[in-house]
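Chains as they are written, first to last, in the working numbering: chain A, 10 to 230; chain B, 1205 to 1661; chain C, 2 to 387; chain D, 780 to 1171.
In short, the hints are calculated from the structure, not lab data.
Do not rely on the hints blindly, as some may be mistaken.
No more than 25 Å apart at the CA atoms, straight line, and that leaves these computed lysine-lysine pairs for PhoX-like [as the list claims (entries may be wrong)]:
hint: 1; chain 1: A; residue 1: Lys111; chain 2: A; residue 2: Lys126
hint: 2; chain 1: A; residue 1: Lys126; chain 2: A; residue 2: Lys138
hint: 3; chain 1: C; residue 1: Lys290; chain 2: A; residue 2: Lys156
hint: 4; chain 1: A; residue 1: Lys126; chain 2: C; residue 2: Lys247
hint: 5; chain 1: A; residue 1: Lys93; chain 2: A; residue 2: Lys138
hint: 6; chain 1: C; residue 1: Lys247; chain 2: A; residue 2: Lys76
hint: 7; chain 1: C; residue 1: Lys247; chain 2: A; residue 2: Lys93
hint: 8; chain 1: A; residue 1: Lys76; chain 2: C; residue 2: Lys335
hint: 9; chain 1: C; residue 1: Lys247; chain 2: A; residue 2: Lys147
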Amino acid sequence: MSRPIVTVVLVVGLAFALLALGFGAGSVHLPANRQDYEPVQPLAFSHRLHAGELNIACLHCHGAAEKSRHAGIPAASTCMNCHKLVTAPMAAVRAEDELAQKEKRQPRRIVSPELQKLYDSLGLSLNEKRELAPDPRKPLRPIPWIKVYSLPDFAYFDHRAHVRVGVACEKCHGAVETMERVRQIGDLSMGWCVNCHRTADREGINGAQVHASTDCDICHH
Amino acid sequence: MAEAHHPPPLVAGNKSSADVTRDICAPLERGPTGWWWSAFLTSASVLALGAAAVAYQVATGIGTWGLNRTVGWAFDITNFVFWIGIGHAGTLISAILFLFRQQWRTSVNRSAEAMTIFAVMCAGLFPLIHMGRPWLAYWVVPYPNFRGPLWVNFRSALMWDVFAISTYFTISLVFWYVGLIPDLATASARARPGWRRRLLEFFSLGWNGSYRTWHRYELVYLLLAGLATPLVVSVHTVVSFDFATAVLPGWHTTVLPPYFVAGAIFSGMAMVLTLMLVARKVMGLEDYITQRHIDPMCKLTLLTGSIVGLAYLVELFTALYSGNAYEQFAAMNRLWGPYGWCYWVMIGCNVAVPQLLWFPRIRRALPAVFVISVLVNVGMWFERFVIIVTSLHRDFLPSSWTMYLPTSVELATLAGSFGLFFTCFLLFCRFLPMIAMGEVKGVLEHGRGNVAEEVAP
Amino acid sequence: MSKRTLVAVFEHEADLMRAVAAVRAADLKIDDVYAPYAVHGLDRALGWRPSRLGWACALGGMSGAIFMLWLQWWTSAVSWPLNVGGKPWNSLPAFVPVAFEGMVLAAGLTTVFALLAVARLRPGKKTRPIVPGVADDRFALVLEEADAAFDAAAASKLLRNCRAVEVSERVLEDEFSPLGAPAGAARTRLRRRLNYLLLLLLAVVVAMVFLTLPDPSRPNREFFPDMAHSPAYSSASANPNFPDGKTLQSPVPGVLTQGQSPLHYDATDAEALRAGRELRNPFSAKDAKAGARGALVFQTYCTPCHGGGGLGDGAVALRGYPAPPSLVTGDTTKMPDGQLFHIITYGRVNMPAQSGLLSPEDRWAAILHIRSLQTPTAPKSIEAKP
Amino acid sequence: MNREAVYSCASPKAVRLLWASALLGGLALALGGVLQPQRLWPNLLLLGFLAVGFGLGGLLQIAFRDLTGARWSDGFRCVREALGATLPWTAPILAAILIAGVASYPWYRPGMLAEETDWFKRGWLEPEFFTVRAISYLAIWMIFALAMVRASRREAAPGGPTRAGVRLSAAFLVVFSLTFWLAGTDWIMSLEPHWCSTAFAVYNFGGILSSSLAAITLAAVWLQRGPLKNAVTREHLRDLGTLLLGFSCFWMYIWFCQYMLIWYTNVPEEAAYYASRTHGLWAPLFYANVAINWAIPFAVLLPRASKESGGILVKVSLLVLAGRWLDVYLMILPSTNGDAPAIGFCELGAFALGVGAGGLLFLQALRKSRQLSTRELSCHAGDAPVCAEAPR
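Okay, chain A solo, but in the shape it has when bound (with noise of 0.2 Å):
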């Protein structure tokens, strides 16, 4: 323990350490601080495929922040508008297809586990004739989606104000359209709202002149 050939090594392997301290410290949040927050929800639902490929609008399933303070989960039955046809991916339901018609059979009805999820939540499942139909053993379940974004209780935010004076959704949320799984991409604190409040009250939205208070009671109140 005493030859210097060990007081070299350690002290190349404590410079790495630090290197690899120096570049973890980047993704390192102060405490309370969700960037970058992306939990694993209950059902794998993905916003690159709806959002993305499909191109649905967000107002489409979150039309709530049109006209109240949250955003707002779809419920079930918004999912159920498509998906009491789409059961399974694309891709799994034309394989059916094409081994029925080889079979000279009906195409089987396929549930995804995912999809089955959902159909779970509401008591529903496939009957006899592998249609979807109320299970009465089912009970109801909702889904418990876990929230990404979430704002400490003191503080008041609302988006309809925001829509409404036309704040894109991805201003705050990201490119959500991108993400398979939704990630929290500021910080949330009050410094990155108000900053924007700040640069909205000075240059406007889309041109427009806008009011972004700054006052204190705006949000706390």
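With the hints as your guide, set chains B, C and D onto chain A.
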């Protein structure tokens, strides 16, 4: 002073350097005396009472205090200013008198500095408790935070307080410790092997008496004194800004800063006198703390007390002269209002009583000096109470006029702060050399007559 | 490094001063003097220049003051300007006290740490008195025997003449040589300690690397969240008090939202025809505001299947969802507004009912937009996104 | 070292220059009085207040020395004595200026002070009462000046002050603090009768402390090059420099307390004082005041070397003396001169008259001081106990 041609020696009893070491290390090396134990147990139990009161009010909330909507600041800030003021004499003795080369300071500076540190600790307690949630005290520090970062308000006098008090505490502690290093080395060299010796050695930083180090040390000590002097002025100035930056009659007055500084030194001097008069008896240090030390402290008390008295007069005169009805009312309310008796206690203790110190006979009568010093402390406490509460309790809106009375919780907290102060001081007396040996040895020859022969350069 | 020295011990300050003068007169090199207190005037007698620690103090003080001034200006006027009692953002007079305190703090700490550094004092360092009693009442004068010409006997005599009580020759080990490496066993010991220290550091850093690995699937830690989370249930959180486990409860069936009038139709084609006869679009084609709203609604809710131009070529349909008929040709162009309204509201074939997503006004506005798509001059698609 | 030697070290040329300055200044002032009569009296008030301040400063230095027993400066004690000895000359002049100019005070005009709230001020500023007070302050100071300078000059060298001397000094401090505070309020603060500041007296006290110390430093350096070659050592210069630095900081401290508190609270009747001084052409003078009285002396005197250099001390002292003039100018003239400062015959004349006449008066007073002998002085090199043993 008239007989100043023949100043008596600073240290009585014709001591040698070895005697100094032995005498001052003696309290550390012998077991605690009965006096010490009784004093310690008393102050520790008062401290326990205070701690219980603090625990209760933190758990319950500061609604346990007597504050109300009109008087939102009373006992806590009074005690805060009182304790901060006490601390100031320590720095005066250790730094300002050092710069003015007043050799008599050497016997008292160590204890006075310790007193400063303990007093600042007591002072800091009150704003901390008043926060209600003291565990959030770190919010006053400007650190990059998740709130924006939302920064502290540097335009608030209370924020200046945070910086002033923390700097004052740190620098006082450093100054005290730097002064202690050589003495710790001396004490550790004498100590019996054991944990105490190891501790003393650890903190003496390997001091070996090298004059190369002494040479630098002297300069550092001078620099620290030079820094501590404006610092001590700034601290009570900033404390006075807490009041003077408000627009309240009786608070907003431009002379408040220098007058607060004088008042702080006044009360601190009185506290040093109180402590030293007791300590020299109890610790058996009569040869080191002599009339040569008591006398100038009495004179400083007289001087600062008179300055404070003059400031009262200036304030009163200017309030009348100002032609501002509110100022005039506030001044009259102080004198003759419901808290008038506090004002007159303050005048009696702070202005009238110290005038006795004009007489050399009284300065020599140590029991009298002791009584005067205690009275001055009482008076200075009342001064802060008068300034704070009389200005607040009758504000601009007569319908909100009210009275303030401290609750038992507040009284217990005040008592507890005294318990903390004396407990710390007694521990200090017991475990650290309470007189700066290195400095006293340097002035042993003063007033002895056997002057060193001239040294050829 | 070690050096040969001659150590003389004195009992009185005056003797020491005399010896220093005599030694300097004899042109001997003084290595150091050891004293129990700072002997007044000894530095002058030794001919030592004043220490330069004053510069450390000045530099520290200046940096402290400048930093605090900058911090206050930056935080109050740049990073987070806050209106306090109408004071200007850059309130220089109000920044003076804190800048001053910063100056004193930095100056004091810099000076003391500089002293500890140059005097090589550190906590826990072993005190090695050169002679016993030097911390008490003895003075030691150390002469360096710099070269062979040094006459130890003559020097001893000189010192004894100055009433040195003890004179002895000694070899002194330097604590640290200029290269920072002590000799022999001490060196090995020091190296071993250094290695253990490095190992500890490495362990701590590696542990920190692992501790700070971010796990984005978990929320970040919080400290003293205070009022960030109130005990009340938030509308989207789980709630054990209701049988369905939700906090936000659905309205009782049949409840109408404010301002909505009930539609008395069934979800059949016949009823749709009846609706076509009975219902009229409240918005006229000239209503630009309704038109814009309709375009937005269409873009948001209809495009995925019907496509931007209403041709039935939306992304969802192209992917395999049963494609809807074109809105701009065929039957749809002949349907009255009321019938379209009925279809949007109740759905038809594969088209799901939109009544849960779209308010009646939005449905009417969307019909307005469909009509504009059917007229040839209308733009085929709307670029505007919500 | 005889008395003549001290005086004669001022070269005839210097004396001639002082005479010339005084005469020319007097002439210019007279001319100014004819051309701009409204500016004559404020400048005379400035001159008188400054001059009396130097005398009081000398007395303060004597009192401090007596009460603290700090004998380090006894080698050039003739300087503070001479400064104090000018007071009996300057005080009557100021009395005359004040009596002649009562009518120039704004409160003299009827209707200036409100009936209801200014009842105290109306009584306090009754012209007769004002005059009686002014005369009594000045008379008290004169008496003290005569007695203290006399006691100081008679002091048995090299011992400490006599018991009577100490008592006199203590009494002076008490009387001074009471009278100087009221005098400043009466003579200067009441020029703006609606403004008041409790720190005003302390502020002026800081001003006379630093300016009188600058005067003493200047004289000490000058005398070091002449008759007091051995009496004024490098250590003395360093101590003087340190004290000058300290007093300059004290002045700055009080300046800041007064300014900051008024700026911070922004109460209209208080802020008016600074509002008029920080706007227009007054502003450069206002900031120059801080630079001259504190910033430059502070920066220059911080290094040890400059405190030991006579040349630098002279320059800094001259700067501080000029700064004191500017300081009082800024106290008086904005209230009488209105929107913009003016430098004309009155100002320059008064300044030159002050320099010339003040210098001559000082030299005259210096002549009367008994200088300590070299042997007496030699024992001042060490500390107090050394002197105690020195032979008489």
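Hint check results:
About 30 Å separates the Cα atoms of lysine 111 of chain A and lysine 126 of chain A, which puts this hinted pair outside 25 Å; it is violated. Between lysine 126 of chain A and lysine 138 of chain A the CA atoms are separated by roughly 20 Å; this keeps the pair inside 25 Å, and the hint holds. A threshold of 25 Å between alpha carbons decides the hint, and for lysine 290 of chain C with lysine 156 of chain A the separation of about 35 Å lies outside it, so the pair is violated. Between lysine 126 of chain A and lysine 247 of chain C the CA atoms are separated by roughly 17 Å; this keeps the pair inside 25 Å, and the hint holds.
Among the hinted pairs, lysine 93 of chain A with lysine 138 of chain A is consistent with the structure: their alpha-carbon atoms are about 15 Å apart, no more than 25 Å. Simply put, lysine 247 of chain C and lysine 76 of chain A have alpha-carbon atoms about 21 Å apart, close enough for the 25 Å limit, and the pair holds. Distance hint between lysine 247 of chain C and lysine 93 of chain A is fulfilled; the C-alpha atoms sit about 23 Å from each other, no more than 25 Å. For the suggested pair lysine 76 of chain A and lysine 335 of chain C, the alpha carbons sit about 34 Å apart, so the restraint of at most 25 Å is broken.
Under the criterion of a C-alpha separation no larger than 25 Å, the hint pairing lysine 247 of chain C with lysine 147 of chain A is consistent with the structure, at around 17 Å.
In this structure, the hints that do not hold are numbers 1, 3 and 8, in rising order.
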